Amino acid sequence: MSLTITVSILVSVIAAATPLLLAATGELVTEKSGVLNLGVEGMMLMGAVTGVAATLLTENWFAGVVTAAVAGAAFSLIFGVLVLTLRANQVASGLALTIFGTGLSAVIGTPFVGQPLARLPVFDAPVLSDMPILGPLLFGHDVLVYVSIGMLLAVAWFLNRSRLGLVLRAVGESHDSAHAIGYQVIAIRYGAVAFGGMMAGLAGAHISLALTPFWAENMTAGRGWIALALIVFASWRPLRVLAGAYLFGAVTIAQLHVQGFGIPIPSQFLSALPYLATVIVLVIISSNAARVRLNAPACIGKAFAPAA
Amino acid sequence: MKELLGVVAAAVIAVFGAADAFAQDKVKVGFVYVGPVDDFGWTFRHDEGRKAIEAEFGDQVETTFVESVSEGPDAERVIRQLAESGHDIIFTTSFGFMNPTIKVAKDFPNVKFEHATGFKRADNVSTYSGRFYEGRAVIGAIAGKMTESNIIGYIGAFPIPEVVRGINAFTIALRKVNPEAEVKVVWLNTWFNPGQEADAAKTLLDQGADIITQHTDSPAPLQVAAERGAFAFGQASDNSQFAPEAHLTSIIDDWGPYYVERVRAVIDGTWESEDTWGGMDVGMIAMAPYASTVPDDIRAMAEEIEAQIIAGDLHAFAGPINDQAGNEIVAAGEVMSDEQLLTMDFYVEGVQGSLPN
Numbered sequence: 001m002s003l004t005i006t007v008s009i010l011v012s013v014i015a016a017a018t019p020l021l022l023a024a025t026g027e028l029v030t031e032k033s034g035v036l037n038l039g040v041e042g043m044m045l046m047g048a049v050t051g052v053a054a055t056l057l058t059e060n061w062f063a064g065v066v067t068a069a070v071a072g073a074a075f076s077l078i079f080g081v082l083v084l085t086l087r088a089n090q091v092a093s094g095l096a097l098t099i100f101g102t103g104l105s106a107v108i109g110t111p112f113v114g115q116p117l118a119r120l121p122v123f124d125a126p127v128l129s130d131m132p133i134l135g136p137l138l139f140g141h142d143v144l145v146y147v148s149i150g151m152l153l154a155v156a157w158f159l160n161r162s163r164l165g166l167v168l169r170a171v172g173e174s175h176d177s178a179h180a181i182g183y184q185v186i187a188i189r190y191g192a193v194a195f196g197g198m199m200a201g202l203a204g205a206h207i208s209l210a211l212t213p214f215w216a217e218n219m220t221a222g223r224g225w226i227a228l229a230l231i232v233f234a235s236w237r238p239l240r241v242l243a244g245a246y247l248f249g250a251v252t253i254a255q256l257h258v259q260g261f262g263i264p265i266p267s268q269f270l271s272a273l274p275y276l277a278t279v280i281v282l283v284i285i286s287s288n289a290a291r292v293r294l295n296a297p298a299c300i301g302k303a304f305a306p307a308a
Numbered sequence: 309m310k311e312l313l314g315v316v317a318a319a320v321i322a323v324f325g326a327a328d329a330f331a332q333d334k335v336k337v338g339f340v341y342v343g344p345v346d347d348f349g350w351t352f353r354h355d356e357g358r359k360a361i362e363a364e365f366g367d368q369v370e371t372t373f374v375e376s377v378s379e380g381p382d383a384e385r386v387i388r389q390l391a392e393s394g395h396d397i398i399f400t401t402s403f404g405f406m407n408p409t410i411k412v413a414k415d416f417p418n419v420k421f422e423h424a425t426g427f428k429r430a431d432n433v434s435t436y437s438g439r440f441y442e443g444r445a446v447i448g449a450i451a452g453k454m455t456e457s458n459i460i461g462y463i464g465a466f467p468i469p470e471v472v473r474g475i476n477a478f479t480i481a482l483r484k485v486n487p488e489a490e491v492k493v494v495w496l497n498t499w500f501n502p503g504q505e506a507d508a509a510k511t512l513l514d515q516g517a518d519i520i521t522q523h524t525d526s527p528a529p530l531q532v533a534a535e536r537g538a539f540a541f542g543q544a545s546d547n548s549q550f551a552p553e554a555h556l557t558s559i560i561d562d563w564g565p566y567y568v569e570r571v572r573a574v575i576d577g578t579w580e581s582e583d584t585w586g587g588m589d590v591g592m593i594a595m596a597p598y599a600s601t602v603p604d605d606i607r608a609m610a611e612e613i614e615a616q617i618i619a620g621d622l623h624a625f626a627g628p629i630n631d632q633a634g635n636e637i638v639a640a641g642e643v644m645s646d647e648q649l650l651t652m653d654f655y656v657e658g659v660q661g662s663l664p665n
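Each protein sequence line maps, in turn, to chains V and S. Following our numbering, the numbering of the first sequence begins with 1 at its first residue and continues without gaps. Following our numbering, the numbering of the second sequence begins with 309 at its first residue and continues without gaps.
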């Protein structure tokens with residue numbers, strides 16, 4: 001395999017991994033605060049459709065990206081009200097959010113179907129972009145690729161090094177204790193849910209504005225669910241989320257290349273590989289219950305009702 | 309949400325249908341669509357067919373449609389409501405509507421039903437589909453003339469006879485004009501996943517293809533081809549707006565002439581249950597306008613192939629045809645039977661890799 005092919009495979013992997021990384025980074029913060037939001041797919045679709053709508057209406061990609069982030073966050077607050085204020089079941093509410101998002105995005109997107117739009121601009125550095133190997137790997141990506149890595153690093157710092165991050169984790173580990181020492185459990189969780197929605201919105205925007213610049217119903221095609229699996233895969237550690245997203249991207253792209261090179265492995269098996277990888281990792285992680293307890297936020301999925 | 313819309317639409321149709329059943333002797337034509345009318349693909353083309361009926365018969369007919377009907381119990385309810393509200397002929401335009409159509413048809417022997425792409429018929433149920441592979445033969449020849457790397461990338465949905473037939477028709481035509489050229493196939497096991505379709509196109513281009521063709525439903529591969537300065541063919545409907553610089557032509561499903569003919573048969577009282585597999589000769593398959601990037605001599609060749617297929621002088625599966633191992637499947641001077649076409653489960657010579665089974 002020649003060097004040029006290897007480099008262009010890696011570039012494809014970066015593109016494929018970015019929406020997963022964006023959505024998983026947001027969901028990581030949400031889950032660390034003790035809230036499980038299964039509505040990632042729905043929020044991504046809302047981001048994807050509003051991003052396209054705003055880009056077409058304003059003819060400005062930046063407006064599209066911002067709108068997608070705001071729409072994702074706003075949409076996640078529906079879930080926030082249900083599970084945080086009304087204390088509804090988180091699993092059921094998250095699933096409902098995905099179903100609602102799928103339908104609503106289809107309705108909103110109707111006028112924009114079949115309208116092509118310009119791809120997000122790419123970042124090219126003079127001279128540096130032309131470097132062999134490193135040039136195409138480091139430059140020439142759209143802005144959201146850099147945002148995804150920057151946000152992941154920022155979240156890693158926030159969760160492990162900042163005071164507010166410590167509070168957020170405390171809320172996720174034991175909301176009663178956090179409440180007892182005076183932290184606003186509900187307010188912090190609202191913030192975490194909205195951040196998760198914003199990042200899912202950006203993930204959707206990366207799909208509809210950069211990967212495949214057009215709107216089509218249900219175009220995220222299950223990536224929100226992979227992002228959710230990634231969190232468990234990474235056992236709630238930010239840097240493992242980064243590694244996991246790129247590993248998933250790599251498996252997705254590699255299976256296509258294996259087919260193209262004519263290596264006789266059934267295509268159905270190859271298409272299932274990314275999902276199979278999730279199942280295997282989940283089995284390995286779950287085989288040690290203590291390890292899961294150690295990493296998973298203890299209060300995940302539990303409603304918080306302050307003692308009156 | 310979609311289901312709710314479908315139910316509401318059907319209810320509205322039912323109410324209005326009952327109200328004007330007394331008032332007129334117009335022929336009422338109903339359509340059931342699996343997707344939205346503006347999907348720029350499969351359903352969009354069927355709705356163009358519905359519009360052709362209105363254009364042809366004007367005041368003599370009244371057409372209604374219910375869009376985004378999911379395959380399953382919802383479909384039966386929608387079809388039944390169309391039948392109850394006095395429709396004379398109902399077109400159900402997705403494979404998954406087959407059983408509901410047959411079931412409802414039993415209860416309404418005086419209503420005519422037409423089901424697309426299925427294989428179950430009854431006295432009042434016809435089936436129809438298109439010989440999409442004839443279009444593949446045209447684009448295969450264009451690709452053979454235009455490729456420089458002699459590798460064509462083909463994105464397949466599922467390894468079923470319909471898709472395999474397309475790959476083989478394409479490859480036979482490709483190698484007739486360019487015996488050096490080969491086809492590289494990547495299967496996605498989905499009809500629609502824009503991200504994966506784009507990744508597949510990138511993969512094929514990375515591996516040396518300079519022309520991409522697809523049997524999946526999104527315009528993503530066209531956009532990737534445009535970005536990389538390669539050429540590509542569109543699917544089901546004219547996709548040129550997504551990538552004008554890359555788009556060479558598309559195979560277009562044109563249901564209009566068939567729909568007009570069947571509605572005319574209802575008006576004349578000559579409608580009978582039939583199985584139609586229409587090709588270019590009846591206008592069911594057509595080519596989108598060739599792009600200006602197609603050189604004049606190649607355009608002339610493509611038009612000549614179209615003319616020969618229409619005249620019946622050229623069959624996309626005329627012998628000699630060899631399989632990948634070089635065994636002769638069809639001898640010179642013979643053509644494949646429809647039976648062989650419908651059950652095709654092998655790659656012809658010139659396709660790389662092996663067919664998943």
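No wet-lab data here; the hints were simulated from the structure. These numbers come from a predicted model, not from an experiment. Backbone N, C-alpha and C define an ideal beta-carbon position, used for all residues, glycine too. Certain hints may be false.
What follows is a list of derived Cβ distance ranges for each label pair [unchecked claim]: (1) F261/V with G641/S: 34 to 40 Å; (2) S378/S with V127/V: 50 to 56 Å; (3) S378/S with I263/V: 36 to 42 Å; (4) I575/S with L86/V: 55 to 61 Å.
Just so you have them, the derived chain V footprint on chain S, three or more residues with Cβ under 8 Å [as the list claims (entries may be wrong)]: (5) 365-374; (6) 386-394; (7) 432-443; (8) 543-552.
These are the hints, each one checked on the structure:
Range check, F261/V to G641/S: Cβ separation about 37 Å, and the 34 to 40 Å hint holds. Between S378/S and V127/V the C-beta distance comes to about 54 Å, which sits within the given range of 50 to 56 Å. Restraint check, S378/S to I263/V: a C-beta distance of roughly 37 Å satisfies the suggested window 36 to 42 Å. Evaluation of the 55 to 61 Å hint for I575/S and L86/V yields a pass: the beta carbon distance comes to about 58 Å.
For the region 365-374 of chain S, the proposed coverage by chain V is not satisfied: 0 residues have a C-beta within less than 8 Å of a C-beta in that chain, short of the threshold of three. Counting residues of the region 386-394 of chain S whose C-beta lies closer than 8 Å to any C-beta of chain V gives 0; at least three are required, and the coverage claim is violated. Evaluation of the coverage hint for the region 432-443 of chain S: breached, as 0 residues show C-beta separations to chain V shorter than 8 Å, against a requirement of three. Beta-carbon proximity to chain V at under 8 Å applies to 3 residues in the region 543-552 of chain S; the threshold of 3 is reached and the given coverage holds.
Hint compliance for this structure: hints 5, 6 and 7 are broken, all remaining hints hold.
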